Amino acid sequence: MIKIKKVDNRPLTLLERLYFTEVAAGMLVTLKHFFRNLFKPSNIVTVSYPEERIPLPGNARLRTRHRLKLRADGTPKCVACYMCQTACPAYCIDITAGEYSDGNPVEKYPVGFDIDLSRCVMCGMCVEACPEDAIAMDTGEIPGGALNRDDMFMTKRDLLRNLPGEPSLLGASNRLHNEWDRKGKKK
Amino acid sequence: MTPSVPDFMLAHMDLLVFLGVSFLKACVVFGAVMGFAALLTLAERKVSALMQDRIGPNRASVFGFALGGLFHPAADGIKLMLKEDFVPKWGDKVLFTLAPLFALFPVLLLFAALPFGNYIDIAGLRIDLQIADFNLGILFILAVSSLAIYGAFLSGWASRNNFALLGSLRAAAQMISYEVALGLTLVGVLMVYGSASLQDIARAQGELLFGWLPAWGIVCQPFAFLLFLAAAQAENKRTPFDVVEGESEIIGYFLEYSSMRFASFMFSEFVEMIVISMLAATLFFGGWQVPYLQQSGFVFPWDAEIPLNHYLVVLLQVGSITVKTVFFSWLLLVIRWTLPRFRFDQVMTLCWKGLLPLALLNILATGVAIWWLG
Chain A
1 MIKIKKVDNR
11 PLTLLERLYF
21 TEVAAGMLVT
31 LKHFFRNLFK
41 PSNIVTVSYP
51 EERIPLPGNA
61 RLRTRHRLKL
71 RADGTPKCVA
81 CYMCQTACPA
91 YCIDITAGEY
101 SDGNPVEKYP
111 VGFDIDLSRC
121 VMCGMCVEAC
131 PEDAIAMDTG
141 EIPGGALNRD
151 DMFMTKRDLL
161 RNLPGEPSLL
171 GASNRLHNEW
181 DRKGKKK
Chain B
1001 MTPSVPDFML
1011 AHMDLLVFLG
1021 VSFLKACVVF
1031 GAVMGFAALL
1041 TLAERKVSAL
1051 MQDRIGPNRA
1061 SVFGFALGGL
1071 FHPAADGIKL
1081 MLKEDFVPKW
1091 GDKVLFTLAP
1101 LFALFPVLLL
1111 FAALPFGNYI
1121 DIAGLRIDLQ
1131 IADFNLGILF
1141 ILAVSSLAIY
1151 GAFLSGWASR
1161 NNFALLGSLR
1171 AAAQMISYEV
1181 ALGLTLVGVL
1191 MVYGSASLQD
1201 IARAQGELLF
1211 GWLPAWGIVC
1221 QPFAFLLFLA
1231 AAQAENKRTP
1241 FDVVEGESEI
1251 IGYFLEYSSM
1261 RFASFMFSEF
1271 VEMIVISMLA
1281 ATLFFGGWQV
1291 PYLQQSGFVF
1301 PWDAEIPLNH
1311 YLVVLLQVGS
1321 ITVKTVFFSW
1331 LLLVIRWTLP
1341 RFRFDQVMTL
1351 CWKGLLPLAL
1361 LNILATGVAI
1371 WWLG
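Chains A and B, in that order, give the protein sequences. The first sequence begins at 1 in the numbering used here and counts up by one. The second sequence begins at 1001 in the numbering used here and counts up by one.
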């Protein structure tokens, strides 16, 4: 909770205009903080980020590192429709589409799915555009810096993963695939 | 017959010893000052961080040991050395190179006149713990520190940049104005101790008033100390009076400077902070004096004595000025991170309408007091 302090804007008294007492009062405030933090560092609000992490607030609105969701059998939910690549304002998504050869009614899957994080602006347009709920930015990992460009380049292998509590059952192709998986594949 | 080299050296042994000892003292003081100034750049960031509930720099590490950010001054130095050394195309290249030297050289020269101890006897040789004992120490300090204006002014002029020139005009105006106030605040101290030699002033502060109170400058000239601190902070161009550089909004005289040239401007500011701290300690807080410590040991006014070894006394004295210098450097940092910046007209008003009349009044009051007390 943010505390609100109302400032009383009255004209300065003579003592305040002499400034020396006000300097002392100001230094009292800063010195109080200085010594408190020197002897009791637990009051310092800094989080030493990579080593020390706190739960990120506001999960629904937070956009973090991308991932591609998986179906129950481990195949990607992505149907390589190019929606996200088209929607991306930073042109950082590069999809190579391929066709299932085993009669899967979903027909298409991504052979390659690359996201160049060094270009990504973390706008979340790809997540909004995805008709299959396949791409998500809910990993909670904040993409930091890297020492070379290759480290900022995520391929399909880096992207495909499920979080605990997955897989989700959203998306039309998901149902199609699961039905085919249950009946058609057994023949 | 020409005298041989060993004969010549024997004949001028005293001069050669003096030369060697002075060179040694200069090296030791130079090393100590540069090291402390480098640590001050870290201390400034650490102190400001603690005052603002932050941690401060702690990432530079050697073999995984950060030691609370102790390697940051070295990291900063390496970084600045590797930066591009930029010289403006239309600038005056000679003056552009000379300006950082003009900024750094005078403040380093000031340490020649500042005593850091009384004297030490080594094998019958009495060595004054001061690089050069000028009779006119205070005047030397004022004269040499006013040379630093050339650094500020030449840098703006040689950059051939309008904003840099405006910055250096502001700097020159402010430094010259506060030079006057600074000089006048020191006159009171001069009158009380009757000497302009800083070593004499430091020695005079070892005496006791009323038999128990050390005759430190803060006791004899408390008002002058406040004026001195304000004027010196302004002379140093640090934050309450930082209109020269104004790193958040306006542009200063070292606008066109990069790499180590910029670093020498920055560094001279930190070295000047040490000068001010040491000067404040020497003039107002007894310099190297420890209360009740004589050359033979502690002599307390309640008829108690603790005789001490000569070298222990010297160690205590040097430690005393070191502790005082560190304390005042810290105080200057705290002031710098507490107060907001004045406007330029406020800076000038404070000097000419505030500090200057008050300093003159202080001189008058001191004169009356000395005449009254005999």
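No wet-lab data here; the hints were simulated from the structure. In this text, all values refer to a predicted model and were calculated from it rather than measured experimentally. Hints are supplied without guarantee of correctness; some may be wrong.
As the list claims (entries may be wrong) - One side only, chain A facing chain B, incomplete, derived with CB under 7 Å:
| no. | residue |
| --- | --- |
| 1 | Gly26 |
| 2 | Leu28 |
| 3 | Ser42 |
As the list claims (entries may be wrong) - Restraint-style ranges between C-beta atoms, simulated for each label pair:
| no. | chain 1 | residue 1 | chain 2 | residue 2 | range |
| --- | --- | --- | --- | --- | --- |
| 4 | B | Arg1160 | A | Gly144 | 39 to 45 Å |
| 5 | B | Ala1066 | A | Lys3 | 18 to 24 Å |
| 6 | A | Leu14 | B | Val1021 | 40 to 46 Å |
| 7 | B | Gly1367 | A | Ala24 | 42 to 48 Å |
| 8 | A | Arg53 | B | Arg1343 | 51 to 57 Å |
| 9 | A | Leu14 | B | Leu1082 | 53 to 59 Å |
| 10 | A | Val121 | B | Ile1078 | 30 to 36 Å |
| 11 | A | Ser48 | B | Leu1373 | 23 to 29 Å |
| 12 | B | Gly1367 | A | Leu14 | 54 to 60 Å |
| 13 | A | Asp158 | B | Arg1343 | 51 to 57 Å |
| 14 | A | Ser48 | B | Leu1082 | 22 to 28 Å |
| 15 | B | Val1062 | A | Ala24 | 36 to 42 Å |
| 16 | A | Leu147 | B | Arg1126 | 57 to 63 Å |
| 17 | A | Leu14 | B | Phe1163 | 55 to 61 Å |
The beta-carbon is built from N, C-alpha and C at its ideal position, and this holds for glycine as well.
Which of the listed hints are not met by the structure? Structure breaks hints 2, 3, 5, 6, 7, 8, 11, 12, 17.
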